[in-house]
Structures are given as C-alpha cells and as structure tokens.
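> The chain contents come next:
Protein chains: 2
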Amino acid sequence: MKNVFLIIFSAFIIIPGYSQIEYPYPLPNKQQLAWQEAELGVVFHYDLHVFDGKRYGQGNNRISPFPDYQLFNPENLDTDQWVKAAKDAGAKFAILTATHETGFALYQSEVNPYCLKAVKWRDGKGDVIRDFVNSCRKYGLKPGIYIGIRWDSFFGVHNFKVNGEGEFQLKRQEYYNKMVEGMVTELCTNYGELFEIWFDGGADHPDNGAPDVLPIVKQYQPNCLFYHNLQLAEARWGGSESGTVPYPCWATFPNFYSHAGDTHKEHIELLKHGDPNGKYWMPAMSDAPLRGINGRHEWFWEPGDEENIYPLASLVDMYYKSVGRNSTLILGLTPNPQGLMPQGDVLRLKEFGDEINARFSVPIASVSGEGDEIILKLSKKQAVNHIIIQEDIKLGERVREYKVEALSGGKWQLLCKGKSIGNKRIQQFNPVRTNKLKLTITGSVSSPVIKSFNTYFIENP
Amino acid sequence: MKNVFLIIFSAFIIIPGYSQIEYPYPLPNKQQLAWQEAELGVVFHYDLHVFDGKRYGQGNNRISPFPDYQLFNPENLDTDQWVKAAKDAGAKFAILTATHETGFALYQSEVNPYCLKAVKWRDGKGDVIRDFVNSCRKYGLKPGIYIGIRWDSFFGVHNFKVNGEGEFQLKRQEYYNKMVEGMVTELCTNYGELFEIWFDGGADHPDNGAPDVLPIVKQYQPNCLFYHNLQLAEARWGGSESGTVPYPCWATFPNFYSHAGDTHKEHIELLKHGDPNGKYWMPAMSDAPLRGINGRHEWFWEPGDEENIYPLASLVDMYYKSVGRNSTLILGLTPNPQGLMPQGDVLRLKEFGDEINARFSVPIASVSGEGDEIILKLSKKQAVNHIIIQEDIKLGERVREYKVEALSGGKWQLLCKGKSIGNKRIQQFNPVRTNKLKLTITGSVSSPVIKSFNTYFIENP
Chain A
1080 MKNVFLIIFS
1090 AFIIIPGYSQ
1100 IEYPYPLPNK
1110 QQLAWQEAEL
1120 GVVFHYDLHV
1130 FDGKRYGQGN
1140 NRISPFPDYQ
1150 LFNPENLDTD
1160 QWVKAAKDAG
1170 AKFAILTATH
1180 ETGFALYQSE
1190 VNPYCLKAVK
1200 WRDGKGDVIR
1210 DFVNSCRKYG
1220 LKPGIYIGIR
1230 WDSFFGVHNF
1240 KVNGEGEFQL
1250 KRQEYYNKMV
1260 EGMVTELCTN
1270 YGELFEIWFD
1280 GGADHPDNGA
1290 PDVLPIVKQY
1300 QPNCLFYHNL
1310 QLAEARWGGS
1320 ESGTVPYPCW
1330 ATFPNFYSHA
1340 GDTHKEHIEL
1350 LKHGDPNGKY
1360 WMPAMSDAPL
1370 RGINGRHEWF
1380 WEPGDEENIY
1390 PLASLVDMYY
1400 KSVGRNSTLI
1410 LGLTPNPQGL
1420 MPQGDVLRLK
1430 EFGDEINARF
1440 SVPIASVSGE
1450 GDEIILKLSK
1460 KQAVNHIIIQ
1470 EDIKLGERVR
1480 EYKVEALSGG
1490 KWQLLCKGKS
1500 IGNKRIQQFN
1510 PVRTNKLKLT
1520 ITGSVSSPVI
1530 KSFNTYFIEN
1540 P
Chain B
1080 MKNVFLIIFS
1090 AFIIIPGYSQ
1100 IEYPYPLPNK
1110 QQLAWQEAEL
1120 GVVFHYDLHV
1130 FDGKRYGQGN
1140 NRISPFPDYQ
1150 LFNPENLDTD
1160 QWVKAAKDAG
1170 AKFAILTATH
1180 ETGFALYQSE
1190 VNPYCLKAVK
1200 WRDGKGDVIR
1210 DFVNSCRKYG
1220 LKPGIYIGIR
1230 WDSFFGVHNF
1240 KVNGEGEFQL
1250 KRQEYYNKMV
1260 EGMVTELCTN
1270 YGELFEIWFD
1280 GGADHPDNGA
1290 PDVLPIVKQY
1300 QPNCLFYHNL
1310 QLAEARWGGS
1320 ESGTVPYPCW
1330 ATFPNFYSHA
1340 GDTHKEHIEL
1350 LKHGDPNGKY
1360 WMPAMSDAPL
1370 RGINGRHEWF
1380 WEPGDEENIY
1390 PLASLVDMYY
1400 KSVGRNSTLI
1410 LGLTPNPQGL
1420 MPQGDVLRLK
1430 EFGDEINARF
1440 SVPIASVSGE
1450 GDEIILKLSK
1460 KQAVNHIIIQ
1470 EDIKLGERVR
1480 EYKVEALSGG
1490 KWQLLCKGKS
1500 IGNKRIQQFN
1510 PVRTNKLKLT
1520 ITGSVSSPVI
1530 KSFNTYFIEN
1540 P
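From first to last, the protein sequence lines are chains A and B.
Per my numbering, the first sequence starts with residue 1080, numbered consecutively.
Per my numbering, the second sequence starts with residue 1080, numbered consecutively.
Some clues are possibly wrong.
Heads up, simulated DSBU-like pairs for lysine-lysine below, C-alpha to C-alpha not over 30 Å straight-line [said to hold, decoys possible]:
hint, chain 1, residue 1, chain 2, residue 2
1, B, 1515, B, 1482
2, B, 1530, A, 1250
3, A, 1250, B, 1297
4, A, 1199, B, 1429
5, A, 1250, B, 1257
6, A, 1240, B, 1204
7, B, 1530, A, 1133
8, B, 1482, B, 1498
9, A, 1240, A, 1133
10, B, 1199, A, 1297
11, B, 1498, A, 1133
12, B, 1257, A, 1199
13, B, 1498, A, 1204
14, B, 1257, A, 1240
15, B, 1358, B, 1515
16, B, 1199, A, 1250
17, B, 1204, A, 1257
18, B, 1204, A, 1199
19, A, 1199, B, 1515
20, B, 1250, A, 1257
21, B, 1171, B, 1199
22, B, 1199, A, 1257
23, B, 1204, A, 1204
24, B, 1133, A, 1257
25, A, 1250, B, 1498
26, A, 1257, B, 1240
27, B, 1257, B, 1217
28, A, 1199, B, 1297
29, A, 1240, B, 1240
If you are wondering where the hints come from, they were derived from the structure by calculation, not from laboratory data.
Build the full structure now, drawing on both the sequences and the hints.
Here it is in structure tokens:
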C-alpha cells in the first residue's frame, strides 16, 4: 500500500488552468468520478422548432432564423413529469438545452434578449431552466446544462463564427463572445450547483476567437463536469451517437482535449476506445436519442415519431454496451409542444429502468478486494450468467487484462475475459452452475483495487 | 372659378400605389396638408447609448453592438414632461425614435426581442412609445414614429443589408425584412392614429431587397405622412440639418420619391429648393437638433452638451428660414438618462415658443382673397416691419412671383418681393408707417388663392 500511496500522491499534479491529473497514472477528479458513478443520465432537447409542427432539418435550420419565436408556447409544461420519467429510467442526472442552434435561450437571460423574456408564454416570465432545475432537486437528480454556442441562426453564428465581413463582423463577434460568456455566467450562478455543462460541439478555444468559457465554469462551478472545449474535456464523446462504445473502452486519452490522432479515423477510434496509456482522464460518453429507430435519430420532438422509440431490448443492449463497457450513457429525451414527455416515451423509460433494476439491483454474491486474484463465493451452488466488475476508479484504471472463471466440476472453467474494467464491466455468458467465481487480473499497471465483483443470474436475458 | 375647378378636378389622379396627386398641378393629400399646417414639430431621439456616459460616434456605433443593453434605465421617465416642453415650443406634433441604429426597440415588440422586454427597467414591461403617445394625446400633440431600419448594429445590418455571405446572409436578410415589417405593423396598429412615420435614411425599396413597408403604413395608417422610401416620399428632407431651407422653397418635386437630379449637387439643390414645375407634392422638412452650436450637432443626449443649446436668436432665425420659407421645422430633442428633458432645453423651448407667439399670434391686420392683387387695410396708419402670406395650399402652390408694397406718402413703396409662398411666407423689412399694404402676384400658374395676408410690427426683431 505504501507504494500505491506514493504513486497517487505524485499523480496529483494539476496542469495549470485545468483540473486534470497527470500521468503516472491519471486519476479522475471529483466531478469525473461523480459523472462515471452516475452511469446513466438524460439530456432533454427543447427549442423553438419543436413548436412548428414540422420535421427538423439541421443543415437548413442552422442558417435560417426560426420564423416566429412566439410559437413557443408549452401550455402544459411540467418539468416534474420530465424528470420523473428520467428517474424512472434510472438516470442519476439530467441535462437541458439552455440554448441550441436557434440561439433562443430557455430562461430569463439578461444578456441574450432572444430568450423567454421575448415571448408571450407566461407573460415573458417563464424560465424552463429554473423549472427543470427545481424538478431535478425535487426528484434527487443532478441538473446539468447544455449550451449551444457553435451555432446561432438568429444572431448569425455558424461554426462559432459570426457571419459577415470587415470591422462589423469583428465587432459583432466580440459582442457575441461576450454575450456567450454572459450566458455561461448566468447559467453557472443562477441555478445552484450543476453536475455537467455540455457545450454543443465543444466550445472551441479563445485563441481561435471563440468565447472564453472555461474560466467562468471553473470559477463558479468548480464541481461541474466541463464538456468541453479545446482547452479541456473532462469527458469525451464516445465516437458515435449509438448509445454504445466498442470494447475495450478506457477512461484515459492521449490529449487534454478530446481530439487526438493523425487522421479522422484515428481520432474517432481514440474517442471510442480511449487509450490505456493516455495521460489524461477523460471517460467516454455514449449518447443516443430515445427516438432512434426506423431510420430516425431525433434529439428533438417532431411529429410522427411515436413509433420510433427504441424497443426495450435495444435499450438494454445499449446499456450493456455503454455502462457495461465503462462509459456513461446519456439518453436524449424529447418533450413535446405541450411541454410534456410523450406517454410512449415515459412508459418505455420506466420499462427500461425496471428491467435494469430487475437484472442488477440484487446480486447473487458480491465481493471487493485488492490484488491480482479475487474470489467470489456463493452461498450455494447455483446458475449464474452475468458478472459485473468495478474498479475503484478513484485510484485510476489499473487493470489491463483479466479473466473470470467459475469452479465447475472441480475445475476452473473460463467464463469470460477482457481488457478494460474501469467504473463498470458487465459481461454475460452461458449459464453455469457454480458456488465460486474467480477474477484474475492478468495485466495491470499497479496493484488492482476491485470495488466490487458481483454475479447474477438473469432469466431470458 | 369654373376653370379652376376643372383644373383641380383633373388633378385628382392617384398614382397607383401612392397617394400623391399628379400634375397639373399637384395638390397635397390630407396628411401633407396637416403636416404643413402644423409647421413645427419635434423629434425625440432616445436609444441605448444615451445611457453609457460617453459621447456618441456614429460611424463606430453603426458597426458595434451596444455593449450592455441593461444600462437602459430611465428611472424618472416622464414623457409628459417631454411633450409639455415640445408644446411650450409651439410644436403641433412630436415624433419618437422607436428604433435607431442600435436596433433596440423602445416598446414591447413581439417580433424584435431586442426591445424593452429584454431589460430590467420596469421589470421588462416598459413601453416608452406607449407613454409617449399617451402624453401626446394628453397635451394635444399629434404623435409620430421614427423607425431606423437602415442600420441595426445588433442584428448586423448596414445600410439595409444584413452583413454576411452565402445562404445564411440571404436567410437572415429575409428574416430581418420580415421582422421590420412586423415592427412597422406593430407600430401602425398598437398606438392609435399616427401623424408621421419617419424611416431613418429612407426605407429603400422592396425591389432592392429591403423590407416592404409602404403597404403596411398605407393599410393601417392611411392618414399618416409617409416619410419615406424609394416608392414614395410624402415629404422631403430639406437638404441640410440646419433647420433651414434656402429661398425659394417649393413644395413640389420632380420625382415621386425624394431623389432627383443627375449629380449629388443637383440632388441636394432640388431637395433644398424643390421645383415649381415638379409633378409631385413633396414639402420640405427643415430639421435640426436643439443642441447644435459650438461645433456640436447632437440628436442624442450626451454628457457636457448643456452649453450647446441654440440661443433663442438662432432658433427664431431658424423659424424664419424654415416655417417662413414654406417648410416644416422639426427640432431634435434629447431626453437624458434619467428620462427627462434637461432643464436648459426645456427653458429654451419655452422661450422660443413664447417669442414666436409674441411676434405672430396677433397680427395688426389680416385679409384673405383670390386674384392677383390683395389689399390689406390697417385701422390706422402705423409702423409695420413684417408680413406673413399664406396660400391656400389645398389648392396647390399657384404663386410664382409676388411683391408687397405699402402706401406711404401717397405712393406705393416696395417692401419686399419673392417667389414661393406656399403654406407660409414670413418677410421682414425696414419699418414703414402705412395704413394700406398691397400684395401683387406678378406670376402664377392659376388664379392665386391667398388664405391670409397679415402684417406685424415687431420691436427689435
């Protein structure tokens, strides 16, 4: 233990301006740890175009101011109902788009006039962020904020850049950047502690002429996960919007922001898999919209998508391939023009939460421990077909390779093996009757610390 | 008279889409007549930059969004005090900038979020236009609206054109135009009858990609003077911001919008003088800011301009050279950051109104009549040094040349002569003792109709 302590101590070197912890070997900071332990969150997308009765076309919408912002009128808005639906799915945190690509802000901004002050709804006094945060507190979910600054079809911003030319463009860019910084300050100071702040498409870098948002978040929300800009990424996108990551998936990454690799392909591979030797702790997000089948993939409510909610089996599979692969799953939810989560979505979320609970809330047996070999004893011989392993990631990802065996017929029979474990590794295998399982760490960078090694039997998984 | 009637009848030919009346010879429409008969108005300029404690720089401001619109905070706003000050000056109408070059709207707009809904002042419920119009009704002044659509430093509009390129520019231009049309509709429908609508720098032409504002004004405010775009000018700028026009100044103009002449110089000369043979009725405005001496020329309140209010003598001179030359005088007034007309300005306006009243409210003698010669008899022989002549401009400007003589020592002595009369001609001459004046029309296009021919004696004019 003495050596381990020394290594951890030496690892607490803060990179100036960032809160990432350097090699050897990287460790999560407080907000990264909380984010990974949360495992499942949701992101609600809500914006003006939900109200126009038309299907969304991102390319055109990005360059077309929304025709009539007075259409924003969620008459039955009930964020309690939204958050309850997320809680029923098992989400531990929930995020809401304060702004998206229209530039319209879902709260009472004093720096962006294109906000809920401008609409007739609730006599210009509505604040969806306030309602949402209150609902999160009520239901015990951690609230986060998504803010789109990369696109603003109203003000005329395309890929961070104010459209235009000459001195006027420069001045409006300056103004826009200040406006964004003002919005980030408002969001970071008016709604209590935030769990995550998610900059749509990243927030670029102030050296590239983009708003300087990182110091604001760090000043006012030191415990908030910062996702992300070219100065810092406390999490990374998992390389797809499929709600899954491939295996293995490491929480470490070779760069302090979430771009790496010489080619786009390498970059995407690194986002998906991470890098066990990466110097920076940057766990992977698996994100997917709940309405994502039949060729649809919708972050926003749109008419006629009721049939395109993922079936339960897909969601469970997604869970295995995200949470079960050391990645935090964030499901995209779509409140409708009335201001409610549609009933079909609500029911599916509850089915999903219930199914995960039924599968994993009570293990047959559980053990924790340190070292290269952990034995899990069952009270009696019985069938098992799942294991869940968790490293104590406060101490980093130490495991590089492992295998799991069961004592069966007097012999150790291989059930499964793998590489990354991290926060959580779920594995399914053919049922085997046993009263003893063994986890063997066949490769590690330091003495493995296993927070839990559990087994389960799930009928018809 | 029969011939005159026929001519007038034939003159009532409406140009499709406009309300101007065609040659021979042009006549004013109802709103032009009212505007000329009003003679004196004011325009209040009020915008965000009044509140920043800095002097205004138009060039830079046009391409720089105002840094913090929350500075708008006229704590003691009292539009009654504004309008009372205008009334004391003798103004018959008052105009207020609903928007100027910042793009910020001084009212509760539902189409332009950058408006009083966005500010903390009055909890986002303030409406300076509403207050102003109410004050005008209270004091019996006719309210008008000034709207700047040519520049909008917030949205990014420069000389009508949304700054930018490509499809995004086109879409934002389309949006901006619709927003402007929406604002014009709001202003034309929410505040009762308007006397004048003044588009800053003109509203261009829809065929050039500018907002299509004329049909909106014509639909909702058929009695409102439209000033102006490239489709119609019901008045014209008098060619300077000196509060004066040169003499002669005709109410007629050779084009249906207020651009004519082959060169800039010719254009300006035509704006200043008009054209007695012009086919279109388009009387001249003389505009000047009240704070316009010592090298200052300020339409907006700015710090340190208290010493730069025109002295009374300058204002009286301005009156002679505008109202007295057949032009409507509009004085620019500057409410301060507290929301009040500054005391020095208020006092000067009252001095001015009192002086004009003292000079002209009671003539020594007055007569009206038709024909080439009008005799004005005084009750007794006495000194006179001013005459005021008014044509009955409902019937057009018929006089082309005239002279005024006094019977003195048994002979007709020439007092003054001139060309244009129109709504009002004021002339001063060396005092002469007489009991009879004669106005002789030495040139006209039809039988002259003189609404009034008055004489005055003003001590130390």
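> Each hint: holds or not?
Results of checking the hints against the structure:
Restraint check: the Cα-Cα separation between residue 1515 of chain B and residue 1482 of chain B comes to about 14 Å, which is no more than 30 Å; the hinted pair holds. For the proposed pair residue 1530 of chain B and residue 1250 of chain A, the alpha carbon gap of about 56 Å is over 30 Å, so the pair is violated. This hinted pair does not check out: residue 1250 of chain A and residue 1297 of chain B have alpha carbons roughly 37 Å apart, beyond 30 Å. At most 30 Å may separate the alpha-carbon atoms for a hinted pair to count; residue 1199 of chain A and residue 1429 of chain B exceed this at roughly 42 Å.
Simply put, residue 1250 of chain A and residue 1257 of chain B have alpha-carbon atoms about 24 Å apart, close enough for the 30 Å limit, and the pair holds. Of the pairs offered as hints, the one joining residue 1240 of chain A and residue 1204 of chain B is violated, with about 33 Å between alpha carbons and a cut-off of 30 Å exceeded. Taking the CA atoms of residue 1530 of chain B and residue 1133 of chain A, the gap is near 64 Å; set against the 30 Å cutoff, the hint is violated. Only pairs whose Cα atoms come within 30 Å are accepted, and residue 1482 of chain B paired with residue 1498 of chain B is accepted, the gap being roughly 9 Å.
For the suggested pair residue 1240 of chain A and residue 1133 of chain A, the alpha carbons sit about 27 Å apart, so the restraint of at most 30 Å is met. Using a Cα cut-off of 30 Å, the hinted pair residue 1199 of chain B and residue 1297 of chain A holds, with the two alpha carbons roughly 28 Å apart. In summary, the hint linking residue 1498 of chain B to residue 1133 of chain A is not supported, as the alpha carbons are separated by about 66 Å, beyond the 30 Å threshold. With a C-alpha separation of about 19 Å, the suggested pairing of residue 1257 of chain B with residue 1199 of chain A holds against the 30 Å cut-off.
Among the hinted pairs, residue 1498 of chain B with residue 1204 of chain A is inconsistent with the structure: their alpha-carbon atoms are about 62 Å apart, more than 30 Å. At most 30 Å may separate the alpha-carbon atoms for a hinted pair to count; residue 1257 of chain B and residue 1240 of chain A meet this at roughly 24 Å. Only pairs whose Cα atoms come within 30 Å are accepted, and residue 1358 of chain B paired with residue 1515 of chain B is rejected, the gap being roughly 37 Å. The suggested pairing of residue 1199 of chain B with residue 1250 of chain A holds, with an alpha-carbon distance near 25 Å, which does not exceed 30 Å.
For the proposed pair residue 1204 of chain B and residue 1257 of chain A, the alpha carbon gap of about 25 Å is at most 30 Å, so the pair holds. Our distance criterion of 30 Å between C-alpha atoms is met by residue 1204 of chain B and residue 1199 of chain A, whose separation comes to about 12 Å. Taking the CA atoms of residue 1199 of chain A and residue 1515 of chain B, the gap is about 68 Å. The hint is violated against a cut of 30 Å. Our distance criterion of 30 Å between C-alpha atoms is met by residue 1250 of chain B and residue 1257 of chain A, whose separation comes to about 24 Å.
With a CA separation close to 33 Å, the supplied pair residue 1171 of chain B and residue 1199 of chain B exceeds the 30 Å bound. Distance check on the hinted pair: residue 1199 of chain B and residue 1257 of chain A sit about 19 Å apart at the alpha-carbon level, within 30 Å; holds. Distance restraint check for residue 1204 of chain B and residue 1204 of chain A: the Cα-Cα separation of roughly 11 Å lies within the 30 Å cut-off, and the hinted pair is therefore satisfied. A distance of roughly 20 Å separates the Cα atoms of residue 1133 of chain B and residue 1257 of chain A; the hinted pair therefore holds under the 30 Å criterion.
A C-alpha spacing of about 51 Å is found between residue 1250 of chain A and residue 1498 of chain B, which places the hinted pair above 30 Å, so the restraint is violated. With a C-alpha separation of about 24 Å, the suggested pair residue 1257 of chain A and residue 1240 of chain B falls inside the 30 Å cut-off, and the hint holds. With a C-alpha separation of about 33 Å, the suggested pair residue 1257 of chain B and residue 1217 of chain B falls outside the 30 Å cut-off, and the hint is violated. For the hint linking residue 1199 of chain A to residue 1297 of chain B, the alpha-carbon distance of about 28 Å falls within 30 Å, and the restraint holds.
Among the hinted pairs, residue 1240 of chain A with residue 1240 of chain B is consistent with the structure: their alpha-carbon atoms are about 19 Å apart, no more than 30 Å.
Hints 2, 3, 4, 6, 7, 11, 13, 15, 19, 21, 25, 27, counting from the list given before, are not met by this structure.
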